[in-house]
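Please build the complex by placing chains B, C and D on the supplied structure of chain A, with the hints as guidance.
Residue numbers (this note's numbering), protein chains in the order written: chain A, 1 to 415; chain B, 1 to 415; chain C, 1 to 415; chain D, 1 to 415.
Among the hints, a few may not be true.
Sample of chain D residues facing chain C (criterion: CB under 8 Å; computed from the structure) [unchecked claim]:
id	residue
1	D88
2	P89
3	Y98
4	E104
5	K223
6	V224
7	W225
8	P228
9	P253
10	W261
11	R354
12	F373
13	M374
14	P402
Once the Cα atoms are required to be at most 35 Å apart in a straight line, the calculated DSBU-like pairs of lysine-lysine come out as [stated by the list, open to error]:
id	chain 1	residue 1	chain 2	residue 2
15	A	K372	B	K223
16	B	K223	A	K223
17	D	K223	D	K372
18	C	K223	C	K372
19	D	K223	C	K372
20	C	K372	D	K372
21	C	K223	D	K223
22	A	K372	A	K223
23	D	K372	C	K223
The set of hints was computed from the structure by calculation and includes no laboratory data. Just so you know, even glycine gets a beta-carbon here, dropped at the ideal spot from N, CA and C.
Number of protein chains: 4
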Amino acid sequence: MSVKGYRRSIRRHRHLGSGRARTVALLLDTRLDVRQRSEALIARLEPQDLGLQGMADASPPKWHLAHTTWFFDTFLLQPHLEGYEPCDPVWSYQFNSYYEALGERHPRPQRGMLSRPAIAEILAWRQRVDNGLTRLLQDGDPALISLAELGLHHEQQHQELLLMDLLDGFSRQPLEPIYDPHADLSTVVDPTSAEWLPCAGGLTDIGYQGEGFHFDNETPRHKVWLEPFTLMSQLVSNADYLRFMADGGYQRPELWMSEGWAVLQQRGWQAPRYWRREQASEHWTQEFTLAGRQPLRPEAPVRHLSWFEADAYARWCGARLPSEAEWEVARREHGDRLLQAHRCLWQWTASPYRPYPGFQPVEGAVGEYNGKFMSSQFVLRGSCWLTPRGHERDSYRNFFPPSSRWMASGLRLAR
Amino acid sequence: MSVKGYRRSIRRHRHLGSGRARTVALLLDTRLDVRQRSEALIARLEPQDLGLQGMADASPPKWHLAHTTWFFDTFLLQPHLEGYEPCDPVWSYQFNSYYEALGERHPRPQRGMLSRPAIAEILAWRQRVDNGLTRLLQDGDPALISLAELGLHHEQQHQELLLMDLLDGFSRQPLEPIYDPHADLSTVVDPTSAEWLPCAGGLTDIGYQGEGFHFDNETPRHKVWLEPFTLMSQLVSNADYLRFMADGGYQRPELWMSEGWAVLQQRGWQAPRYWRREQASEHWTQEFTLAGRQPLRPEAPVRHLSWFEADAYARWCGARLPSEAEWEVARREHGDRLLQAHRCLWQWTASPYRPYPGFQPVEGAVGEYNGKFMSSQFVLRGSCWLTPRGHERDSYRNFFPPSSRWMASGLRLAR
Amino acid sequence: MSVKGYRRSIRRHRHLGSGRARTVALLLDTRLDVRQRSEALIARLEPQDLGLQGMADASPPKWHLAHTTWFFDTFLLQPHLEGYEPCDPVWSYQFNSYYEALGERHPRPQRGMLSRPAIAEILAWRQRVDNGLTRLLQDGDPALISLAELGLHHEQQHQELLLMDLLDGFSRQPLEPIYDPHADLSTVVDPTSAEWLPCAGGLTDIGYQGEGFHFDNETPRHKVWLEPFTLMSQLVSNADYLRFMADGGYQRPELWMSEGWAVLQQRGWQAPRYWRREQASEHWTQEFTLAGRQPLRPEAPVRHLSWFEADAYARWCGARLPSEAEWEVARREHGDRLLQAHRCLWQWTASPYRPYPGFQPVEGAVGEYNGKFMSSQFVLRGSCWLTPRGHERDSYRNFFPPSSRWMASGLRLAR
Amino acid sequence: MSVKGYRRSIRRHRHLGSGRARTVALLLDTRLDVRQRSEALIARLEPQDLGLQGMADASPPKWHLAHTTWFFDTFLLQPHLEGYEPCDPVWSYQFNSYYEALGERHPRPQRGMLSRPAIAEILAWRQRVDNGLTRLLQDGDPALISLAELGLHHEQQHQELLLMDLLDGFSRQPLEPIYDPHADLSTVVDPTSAEWLPCAGGLTDIGYQGEGFHFDNETPRHKVWLEPFTLMSQLVSNADYLRFMADGGYQRPELWMSEGWAVLQQRGWQAPRYWRREQASEHWTQEFTLAGRQPLRPEAPVRHLSWFEADAYARWCGARLPSEAEWEVARREHGDRLLQAHRCLWQWTASPYRPYPGFQPVEGAVGEYNGKFMSSQFVLRGSCWLTPRGHERDSYRNFFPPSSRWMASGLRLAR
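Isolated chain A, as found in the complex (with noise of 0.2 Å):
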């Protein structure tokens, strides 16, 4: 729900008496839930792995766990709390991660530098700020519990991406760690269920409808003009993937935008992200995942792929990407027909991503949380198995630059 649409709701909400009870215990409970589960997923970790950044693109477990907080502390008690005491200005520069208007921030790149504030000094934090939390809500004041409900949301795209930061950082170790034996994706694409799904298109909607929580760039819900489409029913797989690899897919620069083949050629591209050859092999038998290095299954929807990847895929057997309003528009349509929408993987659309007509962000510093991004990235729609349960949505727009590949994504057809 947008900042506008919750105070909506809280306003009829207060009409109903009990009604604003309710609604704070609910997000008191979810709070509570959201908060503990950051801390479940580190409790795997050896100690340096808190630290583990692998990339520039990527951040430490531990950031994500200190990130997190901050947009707590930042947003709502700082401002909010009578006698709260703000945390160290330190911390604040060093788990800002983009915020322009709250002043400089500690670079991206050497996020995995910061070996203080160590572990400790950061759950005795979030235990401060959560004690903190449940103080300011208790009154129930309808922005706060919308910022509130903004800043656990925020907590649960961090969950996604602390796991998918920590599979680059192992990927990267020649001693391969497993994060957990039962943490991979378990999804199979079954061929004889393949099905063109026909969509008639035409003048339709898309963007978020309701009352419950949304992101600003859901919105406005706006009016699309589509030529008919038909959509894949699922996923395409490993199997699929493995047969553009054989036909020379990663050799053809016909194939490829101009763009994606220069970063082909020079990142050496070969295969998904994380898929592995056995030492003297020249087949791609396995694929490295948070449950260490597994054999290569056929039946798996095929994934870390990149958008040139996808879009060179789709290219090859003559179909395309669909964009993200065939996507939602389909989902629609033909609801679980469409296979794997949701908890497998993330699934790249042809749509680059940039405002809905209309679009405006909040007003301050938390307008940066989405509308700043919106140019040089594609659109990917659904959600992936990694995503916190109760996160997911049909109108959700997640992006990524097309180079992007250490992110759960996988493709979906158009035609």
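Same frame as chain A, now just chains B, C and D:
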């Protein structure tokens, strides 16, 4: 005209008997004009200017003259003219721009190092290719005529690029050479004629329609839905832009895309690309142009902006950039009331450069012309004062990365 | 003692009967001390500090503990101790520093990314290796004793490096951690005791002489011709260096090597590596140390200088750096009148690090220890306050590239 | 001759009356020769070759012609010739090479972008400066004559550099231009004349001695102690070097300095700089030269080696590089029995480029000529076939960084 469209048109001409001869004669005339103009462009240069490459994105004048000739040599004469002796394979390697299907090519950033072949050799080659074309096109084979027409429009594009690249190369030299005292844009923007032109929006069509030449990326013509909008009747002026700068435009991150703010900081942007200060002054009062360093005229349209600057300016004044569909529709509805639509400055739009629904590139190497650049760029509409006469078109889709500033870009506001 | 020298010494001991047992006992005692001291060094650290790598030239504390153990595992236990189970080959890959003869190794700049093996595993390995060493050395095989002695001196070098690297890693963190409030150098330079110590020069010998341990690069002892010279009795102080800075030392290119001036400009050098200014001040009044940020003491010797800064300072005051031969001869002639010769700061010399005439590295992989670094570095003489007791020697040749500043370097003038 | 030495010599001439006039006449004659030769060097070039800069270390031919003229304009004519109109300050900015005392200058890697001033303007400037020199030197002021002499030797150095830089620039072009079919080195190394020339060593002197011109870095003449040594009578040949390569010379890290091995891997070195393979072949059978691509002659001396390659080769065959003192002494003792000492290839020595004991650079900006380059470079002795006649000297100290290969370097062994 696309290859397919051209074939249809030629087929019709065949029935007309003399029509075919007329088509050929007309094309041969055009050919002469276009080809000679390229050579006229370098008449004012010093010999060492011909090898000047100011940056990796730009190419030396000599290279432009050779590359446009290579296009005819490779796509027309070698495959189709019996007895034609192709150029040295090394020349092909050097003067191929980006056609992957044609094999390896010389790295773009090192074009300035190609001191050979000497200009005299290239001019002799141009002559030989021109003679070949005359012979080849006598028969009036429609497919070849169509390809030749593409080659001529390609050469016109490079004429414009040659001058933009030269401006860049000259701008980097302490001696600030003058290309031509009369080469600069003279358009002025009259503040009293500023007007918001309303458009009703709704369901409409955009894309090329007709029988003339056009690039493949302008098709297929297709439906789009537009909310009601207004477009400013004229371009933003230097005076307008100076107000943005005086209001801290280059110091306020909240006005910028995150990616743009990073570029601004990294490159130290403080003003448009070619603006200059006098020695001791803090004020931007001069501009480097093809006519050398000139006083900055407040009434001239602001130019050599990146998309990031155009976008930030629009946000600053509470407006936005138009989508490319809006630009094309407003032009259709308001005609010449949309001032400076052509022959002034290319105009940034809010639209990422992506294929129109149903877009298909031409078969073969020529198909690399447009389609493979459709990621991480934005569309510009209109044309500029350096565009060769007759090359402009309302459906023309020019495109550049959002951080590029050396091309003749300006901006028009929408709401 | 070189391997050859050690063999001679051991051979002599054999005749003595109990001498051999004494040698072994002594070595085993030393071993215990040296090995335990490494572990004592990390006792004060937080768990995430163990993986901290501030820059490519430095290594994390955990890596130092593992690498020094790898040395014994690889060069002593694997080839010589029957039944010894070598470490995981991946560990070998990770903890080999630069021994090309031993195959591929993990890239140095990415040592901070090795979150595994965990510290507990490394400490267990250390114990296992220590036990193995005790067994192996019981027999008193002179060659093995000699290698073990090299391994212990190697570990002492890394103890010093560990602390220097930690200072670098801590210095990059906004929280400015304190390693140990008592860890800083306390030496002062008394201006009233400054004295030019004259040396007659002439034909003399330098290089190691004797029966004790020494590195191969300190031999062969050989003749050099020296003109008469004088050496300053003490090191240059912070107060001295502040005068150089006040006189524009960092703004006057004529004082600098061309290469040094380029480095200065590129890295923005304005003062020694760890000097700090208070927020609003122009004055350098603080210094970051292992005891945290401290007031800059004028009477302390200036430190953490590059060779370029030391050379520029010497030129500024009309003096020069001593050659390494001059340093060694002055130390021989004047003994303790050469103040701060040891246990204060390593002292830059004017001598490029090159082999002594007739130098031969040891056979095998251990031969990579010193010889292959003899280009583009300068020699430092003496030792520093972080040097383990007993590790210092007058003939010791330390060496670093001329732009390095993170090691404990100072300077002494010559004329 | 140093400035001081020259003054002495001139003072003596004053007593001789006509001696002074003779000196002036001789110098003016030399001037004419030297200056004209620079212009003769570019006679064979195409106009675009004049701006060719193949890499940051090299400069375009036009720049060399301008820079050598700037030297006279700046150091002689501007300060000393009444009524002389100095060149445009922008030209000074462009054509200053590295004299920090003279202010800002154009960045070296961008010299190839200076398409202006045009060559015609530079040739006119050269003429004007030559006329000025004739007038200025008429009076025979010894200090000015000395400076003019320095300027002429400076120009000779640049003549050699111009050709080396051109070879580099031509070597990067696919068309492999020929500078002059007769420009290549014709020396052969006769294997039957190979001989180790013994030298007794001991206490001896090196450095320039005499009354003629010399650079400041060749003085002061000073004592050195040398152990007995032998020098090979001739240079290493291509045939010799091919044996090193066949024995895995470029694949065996134990033969290389650590720094050199890193450079080798980073740049992919597999053979000397200009060696070439035929298309499909594994064998190095050709060499790019100023006479174009030529068969590799086994009997020719190997050339265009980095110091790292020379050092690795010497280690491979159980020898070493001579120190510069050994080279100079062997030359003195054995004269022409030291074959190829001059006019063949510069010969790498084992000596880092450092000041002779007591070295003092000249006062003022001219003092930047040599002294400030005395770090991280190695000395080469002798001269090469591109060295202008009369410019060579036994005490001459040439110097380059150990990874440079584009200059005409070869190697001679010592033991």
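These are the hints, each one checked on the structure:
| no. | hint | result |
| --- | --- | --- |
| 1 | D88 | violated, 24 Å |
| 2 | P89 | violated, 20 Å |
| 3 | Y98 | holds, 7 Å |
| 4 | E104 | violated, 11 Å |
| 5 | K223 | holds, 5 Å |
| 6 | V224 | holds, 6 Å |
| 7 | W225 | holds, 4 Å |
| 8 | P228 | violated, 10 Å |
| 9 | P253 | holds, 4 Å |
| 10 | W261 | holds, 7 Å |
| 11 | R354 | holds, 7 Å |
| 12 | F373 | holds, 5 Å |
| 13 | M374 | holds, 7 Å |
| 14 | P402 | holds, 6 Å |
| 15 | K372(A) - K223(B) | holds, 29 Å |
| 16 | K223(B) - K223(A) | holds, 13 Å |
| 17 | K223(D) - K372(D) | holds, 23 Å |
| 18 | K223(C) - K372(C) | holds, 23 Å |
| 19 | K223(D) - K372(C) | holds, 29 Å |
| 20 | K372(C) - K372(D) | holds, 27 Å |
| 21 | K223(C) - K223(D) | holds, 13 Å |
| 22 | K372(A) - K223(A) | holds, 23 Å |
| 23 | K372(D) - K223(C) | holds, 29 Å |
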